[in-house]
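As given, the protein sequences belong to chains V and F, one line each in that order. Under my numbering, read the first sequence as residues 2 to 89, first letter to last. Under my numbering, read the second sequence as residues 5 to 608, first letter to last.
No lab work stands behind these hints: they were computed from the structure. Each hint should be verified, as a subset may be incorrect.
Claimed, not checked - Listed below are the simulated DSS-like cross-link pairs for lysine-lysine, each with C-alpha atoms no more than 25 Å apart in a straight line:
{"hint": "1", "chain 1": "F", "residue 1": "339", "chain 2": "F", "residue 2": "391"}
{"hint": "2", "chain 1": "F", "residue 1": "343", "chain 2": "F", "residue 2": "389"}
{"hint": "3", "chain 1": "V", "residue 1": "19", "chain 2": "F", "residue 2": "512"}
{"hint": "4", "chain 1": "F", "residue 1": "391", "chain 2": "F", "residue 2": "512"}
{"hint": "5", "chain 1": "F", "residue 1": "380", "chain 2": "F", "residue 2": "339"}
{"hint": "6", "chain 1": "V", "residue 1": "11", "chain 2": "F", "residue 2": "512"}
{"hint": "7", "chain 1": "F", "residue 1": "373", "chain 2": "F", "residue 2": "352"}
{"hint": "8", "chain 1": "V", "residue 1": "19", "chain 2": "V", "residue 2": "79"}
{"hint": "9", "chain 1": "F", "residue 1": "579", "chain 2": "V", "residue 2": "11"}
To be verified - Simulated coverage check for chain V against chain F, where a stretch passes if three residues somewhere in it have a Cβ under 8 Å from a Cβ of chain F:
{"hint": "10", "segment": "8-14"}
{"hint": "11", "segment": "21-28"}
{"hint": "12", "segment": "31-37"}
{"hint": "13", "segment": "45-56"}
{"hint": "14", "segment": "61-67"}
{"hint": "15", "segment": "70-81"}
Please read these numbers as outputs of a predicted model, since none were measured by experiment. In this text, a Cβ means the ideal position worked out from N, Cα and C, and glycines have one as well.
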Amino acid sequence: MSNPQGFDPKAYWSATLKLLVITLIIWFLVSFGAGILFRDALDGIHLGGYPLGFWFAQQGSIFVFVGLIFWYAKRMDKIDREHDVHED
Amino acid sequence: MELKTLTFIVVGLSFALYIGIAIWARAGTTKEFYVAGGNVHPIINGMATGADWMSAASFISMAGLIAFLGYGGSVYLMGWTGGYVLLAVLLAPYLRKFGKFTVPQFIGDRYYSQTARIVAVICLIFISFTYVAGQMRGVGIVFSRFLEVDITTGLIIGMGLVFFYAVLGGMKGITYTQVAQYIVLIFAYTIPAVFISLQIAGNPLPQLGLGGHTGDMYFLDKLNQTVTDLGFAAYTSGNKSMIDVFCITLALMAGTAGLPHVIVRFFTVPTVHDARLSAGWALVFIAILYTTAPAVGAMARYNLHATVNTAVATGGDVFAPESSIQGETRPEWMKRWEKTGLIKWEDKNGDGRIQYYNEKSKDPAFLAKVEAAGWKGNELGSDKKGKFDGTVDRDIMVLANPEIAGLPNWVIALIAAGGIAAALSTAAGLLLVISSSISHDLLKSVFAKGISEKGELMAGRIAAAVAVCVAGYLGYNPPGFVAQVVAFAFGLACASLFPTIVMGIFSKTMNRGGAIAGMLTGLIFTMTYIVYFKRDVLLGMDKVPDSQWLFGISPEGIGVIGMILNFVMAYIVMKMTPACPEHIQHLVEGIRYPRGARAAQAQH
């Protein structure tokens with residue numbers, strides 16, 4: 002497998018890893034953070050009838066996950082195009 | 005129309021649909037058989053992944069678990085959805101670029117080792133059969149409850165159907181039947197939920213209804229008050245330790261991302277870009293059910309209490325004698341479900357009324373009120389081998405939910421079709437990864453390298469047929485522990501396959517020795533721990549007390565420690581064994597960028 006012309010694998014991979022780390026930090030904060038570790042503190046705040054920590058644990062984190070994957074896919078497409086390794 | 009006739013019609017129509025699709029989408033090549041031709045649109049693939057993923061357990065049992073665990077049920081909600089984020093960023097696009105048919109094939113090629121491939125096949129077969137046995141049991145149970153045939157007959161009908169579209173259509177047939185099954189199951193799940201949310205909170209969206217008002221207070225506050233009045237733990241606080249909630253959630257996430265039948269679905273889309281999007285779509289379709297489930301669970305719990313104790317709804321004194329309903333006038337649905345043993349009433353204090361409360365409560369003030377009211381123990385539970393068991397079976401919360409809420413018969417018939425669709429779609433997906441791994445990874449790659457494409461396709465079909473029979477047998481005669489050790493499937497996927505694949509993509513230097521040592525360490529540690537703490541159900545020995553758990557982590561969450569051990573052991577052994585060869589490092593480089601994904605697959 003030969004690299005596409007003028008392709009800098011190191012730069013591409015570091016851009017990819019940076020996005021990956023940001024994505025996983027958000028993933029961790031909404032689920033393990035808001036839903037588990039800081040739940041007690043967040044439960045003092047109410048969102049309608051939901052204690053906030055409980056809401057994150059049962060619904061909020063799932064909504065964020067969905068948005069997060071599409072956001073990640075879009076940002077990855079951009080990185081692919083910038084490094085000219087996108088699919089034809 | 006009578007419920008039974010209506011159920012036959014609805015279930016019959018859904019079967020006719022699946023069979024029609026199976027004939028239309030039959031596979032002619034190994035590529036169609038293994039990866040549906042590699043040309044499935046990401047939205048279609050997302051829908052099929054959703055059906056593949058949402059098993060009988062998701063459909064039937066999850067809301068019930070949440071209903072009784074309250075906040076503790078969040079581990080399933082976050083765990084079984086968060087895994088898709090890991091899939092999208094860590095696995096799916098790279099495995100798609102790699103462009104092969106099976107998970108063991110990736111592990112075998114990346115670690116240039118037949119041993120690694122065979123270890124991966126063993127993990128895969130173990131994980132998949134543990135899982136499939138539960139699905140087939142689910143098929144049998146749903147059939148016997150709703151169609152009133154015995155479990156064996158139900159199983160044979162289910163096996164026949166799965167046989168038809170898995171053996172004939174392979175991945176292609178399965179993909180399109182799963183799309184149909186997704187539609188059936190999601191309607192079956194959401195329609196009753198909408199009705200119930202309207203009844204309780206006046207909001208048609210269950211996701212909002214759960215946070216809405218009932219009467220003059222928030223529903224969740226009302227539910228907390230109801231369950232604490234009756235001596236249970238508050239609904240929104242739950243009863244698991246933080247470290248355990250943390251570990252179970254992480255084990256379920258990494259386990260989800262490491263499940264072979266989920267990963268393989270991302271081999272079926274045309275490009276790397278589509279693989280990323282498809283993970284998003286899969287989660288959209290899954291989230292429709294998973295964000296409805298908390299409302300279903302909470303409202304079912306409330307309805308059950310409100311049915312048995314009339315003071316719950318009116319806000320009166322739950323201890324007043326006339327608040328508990330009379331056994332004689334208990335609702336029809338209760339009598340109907342008593343036949344299945346899922347619910348049972350035993351009049352302990354002989355007053356002819358049903359008292360349902362937490363008899364294990366340790367709150368002295370509550371116990372004093374119980375004493376004063378003359379209650380002599382919880383009277384609502386289920387039937388375990390003819391003996392009264394003081395816990396209501398969890399499965400009833402979804403299956404009987406529409407009846408408890410007094411919904412029309414066609415909604416109840418729909419639930420039957422949905423439950424069967426959920427079980428069949430997952431069973432079919434699992435059977436396919438088992439058969440492709442046998443025909444492709446064992447036969448074609450190890451034992452009969454010269455096999456022709458036609459021969460391989462035939463071998464795949466025979467392997468699928470045999471797997472259906474084994475699954476049917478496991479469903480008919482399940483090893484007693486099936487339900488208790490779902491932890492096995494997730495824990496093992498989390499501790500063995502997931503870290504090995506991730507290292508294969510993100511480390512260029514991880515070598516054969518490290519991968520094999522890591523996989524075996526994760527597998528053996530996790531398995532030993534689960535067997536040790538579940539030896540009462542697995543081996544019939546005395547139970548080891550939960551107080552001996554390592555760091556307070558339950559067997560459900562121990563896969564996380566197995567995963568860490570896998571990483572550590574892999575690193576140590578890598579340092580001590582010959583380095584990863586140059587051409588493999590190039591291979592790893594190659595899977596990191598998307599261009600050429602179509603070509604990579606065309607090389608077969």
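Here is how each hint holds up against the structure:
Note on residue 339 of chain F and residue 391 of chain F: the hinted pairing holds, with a Cα-Cα distance of about 17 Å set against a maximum of 25 Å. In summary, the hint linking residue 343 of chain F to residue 389 of chain F is supported, as the alpha carbons are separated by about 12 Å, within the 25 Å threshold. Restraint check for residue 19 of chain V and residue 512 of chain F: satisfied, since their Cα atoms lie roughly 18 Å apart, inside the 25 Å limit. A C-alpha spacing of about 59 Å is found between residue 391 of chain F and residue 512 of chain F, which places the hinted pair above 25 Å, so the restraint is violated.
Between residue 380 of chain F and residue 339 of chain F the alpha-carbon distance is near 23 Å, which keeps this suggested pair within the 25 Å criterion. Taken as a hint, the residue 11 of chain V and residue 512 of chain F pair is honoured in the structure, with Cα atoms around 13 Å apart against an allowance of 25 Å. Taking the CA atoms of residue 373 of chain F and residue 352 of chain F, the gap is near 17 Å; set against the 25 Å cutoff, the hint holds. Taking the CA atoms of residue 19 of chain V and residue 79 of chain V, the gap is about 13 Å. The hint holds against a cut of 25 Å.
Between residue 579 of chain F and residue 11 of chain V, the direct Cα distance comes to roughly 24 Å. Compliance with the 25 Å bound is thereby established for this hinted pair. Counting residues of the segment 8-14 of chain V whose beta-carbon sits less than 8 Å from any beta-carbon of chain F gives 4, enough to reach three: the coverage restraint holds. Proximity of the segment 21-28 of chain V to chain F, defined as three or more residues with a beta carbon under 8 Å from a beta carbon of that chain, is established by the 4 residues found. Given as covered by chain F, the segment 31-37 of chain V passes the check, having 4 residues with a CB less than 8 Å from a CB of that chain where 3 are the minimum.
Note: the segment 45-56 of chain V has 7 residues with beta-carbon separation from chain F under 8 Å; the three-residue rule is met and the coverage holds. Only residues whose beta carbon comes within less than 8 Å of a beta carbon in chain F count, and the segment 61-67 of chain V has 5; three or more means the coverage holds. Look at the segment 70-81 of chain V against chain F: 7 of its residues bring a Cβ nearer than 8 Å to a Cβ of that chain, three or more, so the hint holds.
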